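Whole structure, please, built from the sequences with the hints as guidance.
Heads up: the sequence lines are chains A and B, in that order.
So the number in my numbering is just where the residue sits in the first sequence, counting from 1, plus 200.
So the number in my numbering is just where the residue sits in the second sequence, counting from 1, plus 8.
Rather than coming from a laboratory, the hints here were simulated on the basis of the structure.
Hints may be right or wrong, so weigh each one.
Claimed, not checked - In silico PhoX-like pairs for lysine-lysine, Cα to Cα no more than 25 Å straight-line: (1) Lys260/B with Lys269/A; (2) Lys240/B with Lys266/A; (3) Lys110/B with Lys91/B.
From a predicted model like this one, the values you see are computed outputs, not experimental measurements.
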Amino acid sequence: MNTTINEVNGELVAVFSGRLDTAAAVQTERDVQPLSNCDGKDIVLDCRALEYISSSGLRIFLSVLKAAKAKDRQVFITGMNDDIRNVFAMTGFTNLFQFR
Amino acid sequence: MLLAQYREMLPNLKVLEDIALNRIREALDQQGITVTAIDHRIKTEKSLSGKLELKGGKYKTIGDITDLLGLRVITFYADDVDKVAAIVAQAFDIDWTTSVDKRKLHQLDSFGYNSLHYICSLPAGAADPAICSIRFEVQMRTALQHVWSTINHDTGYKSDVQIPREYLRQFGRLAGMLELIDDEFSRLRNSLADYRRRMQSLVASGQLDEVPLSSDTWESYLRTSPFERLNKRIAAVNQAEIFTVSLVPFLKVMRKLEMETLGDVQRFVDANSDDAYLLAVSELAITDIDIITESVGIMNLCYVHALKNGGGKASVLMILNTLNPSDSSTNEFMAQSIVHRAASLPFMQK
Numbered sequence: 201m202n203t204t205i206n207e208v209n210g211e212l213v214a215v216f217s218g219r220l221d222t223a224a225a226v227q228t229e230r231d232v233q234p235l236s237n238c239d240g241k242d243i244v245l246d247c248r249a250l251e252y253i254s255s256s257g258l259r260i261f262l263s264v265l266k267a268a269k270a271k272d273r274q275v276f277i278t279g280m281n282d283d284i285r286n287v288f289a290m291t292g293f294t295n296l297f298q299f300r
Numbered sequence: 009m010l011l012a013q014y015r016e017m018l019p020n021l022k023v024l025e026d027i028a029l030n031r032i033r034e035a036l037d038q039q040g041i042t043v044t045a046i047d048h049r050i051k052t053e054k055s056l057s058g059k060l061e062l063k064g065g066k067y068k069t070i071g072d073i074t075d076l077l078g079l080r081v082i083t084f085y086a087d088d089v090d091k092v093a094a095i096v097a098q099a100f101d102i103d104w105t106t107s108v109d110k111r112k113l114h115q116l117d118s119f120g121y122n123s124l125h126y127i128c129s130l131p132a133g134a135a136d137p138a139i140c141s142i143r144f145e146v147q148m149r150t151a152l153q154h155v156w157s158t159i160n161h162d163t164g165y166k167s168d169v170q171i172p173r174e175y176l177r178q179f180g181r182l183a184g185m186l187e188l189i190d191d192e193f194s195r196l197r198n199s200l201a202d203y204r205r206r207m208q209s210l211v212a213s214g215q216l217d218e219v220p221l222s223s224d225t226w227e228s229y230l231r232t233s234p235f236e237r238l239n240k241r242i243a244a245v246n247q248a249e250i251f252t253v254s255l256v257p258f259l260k261v262m263r264k265l266e267m268e269t270l271g272d273v274q275r276f277v278d279a280n281s282d283d284a285y286l287l288a289v290s291e292l293a294i295t296d297i298d299i300i301t302e303s304v305g306i307m308n309l310c311y312v313h314a315l316k317n318g319g320g321k322a323s324v325l326m327i328l329n330t331l332n333p334s335d336s337s338t339n340e341f342m343a344q345s346i347v348h349r350a351a352s353l354p355f356m357q358k
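Dropping the structure here:
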């Protein structure tokens with residue numbers, strides 16, 4: 201699992217690749233920490249190369265969302281594969297995020 | 009002489025301005041009163057000179073001038089002027105001998121400047137004694153009274169020419185009209201508060217067929233946790249945590265599903281809960297996902313209701329598009345997936 205964060209056109213873009221399972225969650229949580237300092241910038245979670253997401257991964261996305269909302273910023277998700285879309289649909293997470 | 013005293017007093021006036029403003033803001037916040045604005049100013053030397061030219065003999069010391077610092081609280085509603093006044097009276101010491109309620113100065117058949125003016129000082133101990141000894145003015149009025157007095161001040165007092173009687177009378181008539189509008193706004197607010205209380209009581213007593221679906225009544229209904237049992241049942245399949253989310257956006261879906269009263273909504277819940285549970289767990293149970301949001305129950309209720317009523321994929325897509333209008337491709341995929349899963353469940357076999 202690999203996570204990189206870049207600033208693109210005034211937005212913070214976190215690019216996830218691999219499987220975001222329980223084993224990878226601890227490192228990923230550290231990797232997304234810079235997103236909590238998103239003053240004035242919206243966040244994009246780029247999931248084009250994300251193969252799988254577990255409950256631990258959902259909780260990480262949720263913590264990113266909470267931090268962004270506290271700073272009045274928005275979080276967009278882009279490029280989810282069908283399996284991950286299904287996970288978002290069955291858990292109701294589709295109603296929490298905005299999608300591109 | 010008075011101007012020299014004013015210049016010496018200016019630093020203390022600035023400190024007083026900050027303290028008084030903060031005290032009013034905090035007191036209003038504590039009482040949950042929203043106002044349109046709190047204006048504040050320290051009288052400029054030029055303005056003071058003008059006042060002294062006009063009424064100089066009236067003042068022996070600078071302390072006799074009570075509006076060197078002025079604050080003005082502008083409220084939405086006429087009723088709130090008296091509430092603000094009570095709050096100001098708690099926050100400051102009031103000099104009742106010089107405070108004026110201009111609203112009560114009018115004859116029964118006259119209309120004009122309406123505002124409540126309190127001459128205040130900080131209570132002893134709230135700041136340095138030199139600052140606590142300075143008197144200042146707090147004006148309280150509604151937004152409409154403020155508009156009237158501002159326009160009246162600009163066109164009347166500052167005019168170089170004598171204003172003809174007919175124009176003055178027109179100002180008076182407008183003041184009367186604005187007083188009526190202020191009263192109507194207050195009456196409307198009270199009526200709405202009564203309506204809300206009545207609807208909340210009907211929801212609490214379960215008389216849901218008498219409660220029309222609206223944003224207020226929907227929120228009251230949600231406070232009764234109507235989907236909690238279903239959510240807990242779904243979550244139990246994987247011992248999942250239920251994450252709290254707002255279900256307010258589902259009001260739009262309820263309307264699209266042609267629910268007109270909370271009674272309709274309750275029947276929709278009662279009729280579809282078992283099937284919504286089956287639909288939700290048909291996918292969740294074969295995963296190890298242990299977190300869901302509070303929207304899962306109502307979402308599956310909506311899908312089941314739409315499918316049972318023969319709406320097919322189009323009606324499921326309508327629900328998804330109502331909730332997430334920005335993502336039509338994900339909605340299309342999800343609608344297809346939901347219809348596919350539902351096809352094998354008992355409620356679709358009947």
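Worksheet item: Between Lys110/B and Lys91/B, is the straight-line Cα distance small enough, at 25 Å or below?
Response: 16 Å, holds
Discussion item. So if I understand the rule, the pair passes when the alpha-carbon distance is 25 Å or less; does Lys240/B with Lys266/A pass?
Written reply: Holds, because 23 Å separates the two Cα atoms, which is no more than 25 Å.
Worksheet item: Holds or violated: Lys260/B with Lys269/A, Cα cutoff 25 Å?
Response: 23 Å, holds
The structure is consistent with each of the numbered hints, conforming to all of them.
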